[in-house]
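**Student:** Here is what each chain is made of, one letter per residue.
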Amino acid sequence: MSLREMAKQPDLLAPGHRLCAGCGEAVTARLVLKAVRGPTIVTAATGCLEVATTIFPYTAWDLPWIHTAFENAAANASGIEAAFRAMKRKGRGPLAKYEHIDVIAFAGDGGTYDIGLQALSGALERGHDFVYVLLDNEAYMNTGIQRSGGTPRCAATTTSPAGRVIPGKREWKKPIDEIVVAHEIPYVATVSASYPTDLIRKMRCALEAEGPAFIHAFVPCPRGWRFPSEQTIALGRLAVQTCLFPLWECRLEEGRPRYTLSSPSLSIAKNPERKRPIEEYLEKQGRFRHLFRPERRDDLIKEIQEWVDLKWERLLEKAL
Amino acid sequence: MTGQKSAPGWRELPHGAVPYKSSREYKTGDWGVLKPKIDFGRCTKCTLCHFYCPEGAIRMRGDGYPEVDYDFCKGCGICAAECPVKCIEMVRRG
Ligand code: SF4
Ligand code: SF4
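Going down the list, the protein sequences come from chains A and B.
Under the working numbering, the first residue of the first sequence carries the number 17, and numbering increases by one thereafter.
Under the working numbering, the first residue of the second sequence carries the number 46, and numbering increases by one thereafter.
These are computed hints drawn from the structure, not numbers from a lab.
A virtual CB, placed ideally from N, CA and C, is assigned to each residue, including glycine.
Each hint should be verified, as a subset may be incorrect.
Claimed, not checked - Here are the simulated DSSO-like cross-link-like pairs (lysine-lysine), alpha carbons at most 30 Å apart as the crow flies:
(1) A:K300 with B:K66
(2) B:K131 with A:K24
(3) A:K318 with B:K90
(4) B:K80 with B:K90
(5) A:K24 with B:K90
(6) A:K300 with A:K286
Said to hold, decoys possible - Label-pair ranges, simulated between beta-carbon atoms:
(7) B:R138 with A:E333: 46 to 54 Å
(8) B:A62 with A:E289: 49 to 57 Å
(9) B:R138 with A:E289: 28 to 36 Å
(10) B:G109 with A:P80: 26 to 34 Å
(11) B:S51 with A:P55: 31 to 39 Å
(12) A:E226 with B:R106: 32 to 40 Å
(13) A:V67 with B:D75: 17 to 25 Å
(14) B:D75 with A:E21: 27 to 35 Å
(15) A:R330 with B:A62: 39 to 47 Å
(16) B:R104 with A:A85: 29 to 37 Å
(17) A:P288 with B:C88: 33 to 41 Å
(18) B:A62 with A:E329: 43 to 51 Å
Hey, can you work out the whole structure from these sequences and the hints?
**Tutor:** Okay, here's the thing in structure tokens:
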């Protein structure tokens, strides 16, 4: 489908939601829902998306939507899928009349890397047919920017503030994709709203996969990362261009995970001179300000660059 | 609970807290200071502004041109920053 045709698809996330101006989650959720192919039920863990789209008595969801607690988006999705299958088998119940129902679970990084990890792991292991969409804005933004397992090293948050003693968060980002791939599910992919065609295509593949699928979306947050709202898309693009967040997909073929780089990252793999230095990405965000002022922390910038390079090399080893 | 004769069975419980109005009834168009102004003479109908708007406030019209719904635009400036031919300008609301 071309962009022009996809533009005609009605939006399933209605305007009037109260996510911040320039919110990357809003763009991502809109694009994810552009890929919906038939009857679909959505469930969302506690988080910015849930809070800001369903302020009573309003809802921004133009499809069935169920709120769940912080930790159990994946368990809830499992229940929805199991209920559908049971009704279908017995031929009774409100969902029995549908040929198929897609189930999408949205959760943030807090609800995935930390609080929802065991529910996610359990649902993947049981093999429920659903798509889990991780909206990774790299901290607990909804409650006021607390660090999560998804927060990158050196980012300042309210619970990992940058000061004289520590330079922001001390730990590296948890390798959630590897953890998910290790569950040997049919489909895992990374996406960025800065690349809408790639995102919508991958979401469609995820829906079509039989069994669990996992979509990891990189979601710039103007409020929590401290950058002007119009730069959300540009920053997402820079994360891909610096290879901090490469775009790829991984299918399980004959028991082996097969990684494929998506075109924006593949072109960098082929032309390594196009890979941009991580500094360009860091310097645009207030959460990394202390790496540049009052004095430049070349040691830390270098450390981050080396980490990005290592992760990128490790991906290339798997994907080429 | 005091004063309650017998607790309701699960079948009698309400179906949960159900937001029953569309957020379309809640206008966010007054959030921003700036609003986009599109120069249709230069617009190439590429549709990118439609995809990148967090509010879904840009609709592609039948003739292929974008149209901003100022009832919901929060003035974030993404459309102006991302338009490949730079034909969107952010101007003061007034
Ligand atoms: S300024 Fe932001 S909210 Fe308004 S139309 Fe442009 S992208 Fe949408
Ligand atoms: S991004 Fe610019 S050129 Fe493309 S449709 Fe929007 S206004 Fe027109």
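**Student:** Take the C-beta atom of D75 (chain B) and the C-beta atom of E21 (chain A), compute their distance, and say whether it sits inside 27 to 35 Å.
**Tutor:** holds (33 Å)
**Student:** Verify the proposed pairing of K300 (chain A) with K286 (chain A), using a straight-line Cα cut of 30 Å.
**Tutor:** holds (27 Å)
**Student:** With respect to the beta-carbon atoms only, verify the hint that R330 (chain A) and A62 (chain B) lie 39 to 47 Å apart.
**Tutor:** At 45 Å between Cβs, range holds.
**Student:** State, for the Cβ atoms of R138 (chain B) and E333 (chain A), whether the hinted interval 46 to 54 Å holds or is violated.
**Tutor:** Hint holds: Cβ distance 52 Å, inside 46 to 54 Å.
**Student:** Straight-line Cα separation of K318 (chain A) and K90 (chain B) no greater than 30 Å?
**Tutor:** Answer violated: K318 (chain A) to K90 (chain B) is near 42 Å, above 30 Å.
**Student:** How does the Cβ-Cβ distance of S51 (chain B) and P55 (chain A) compare with 31 to 39 Å: does it lie in that range?
**Tutor:** holds (38 Å)
**Student:** Assuming the hint says 29 to 37 Å, is it satisfied by the Cβ distance from R104 (chain B) to A85 (chain A) or not?
**Tutor:** holds (35 Å)
**Student:** Is K80 (chain B) within 30 Å of K90 (chain B), Cα to Cα?
**Tutor:** Holds - the C-alpha atoms of K90 (chain B) and K80 (chain B) are around 19 Å apart, at most 30 Å.
**Student:** A range of 32 to 40 Å was offered for this pair. Does it hold for the Cβ distance of E226 (chain A) and R106 (chain B)?
**Tutor:** holds (39 Å)
**Student:** So the hint says 17 to 25 Å: do the beta-carbon atoms of V67 (chain A) and D75 (chain B) match that?
**Tutor:** The hinted range 17 to 25 Å holds for V67 (chain A) and D75 (chain B), with Cβ atoms some 21 Å apart.
**Student:** With a cut-off of 30 Å on the C-alpha distance, tell me whether K131 (chain B) and K24 (chain A) pass.
**Tutor:** Holds. K131 (chain B) to K24 (chain A) sits at ~23 Å (cutoff 30 Å).
**Student:** Do the beta carbons of R138 (chain B) and E289 (chain A) sit within 28 to 36 Å of each other?
**Tutor:** Violated: the Cβ-Cβ distance is about 44 Å, outside 28 to 36 Å.
In this structure, the hints that do not hold are numbers 1, 3, 9, in rising order.
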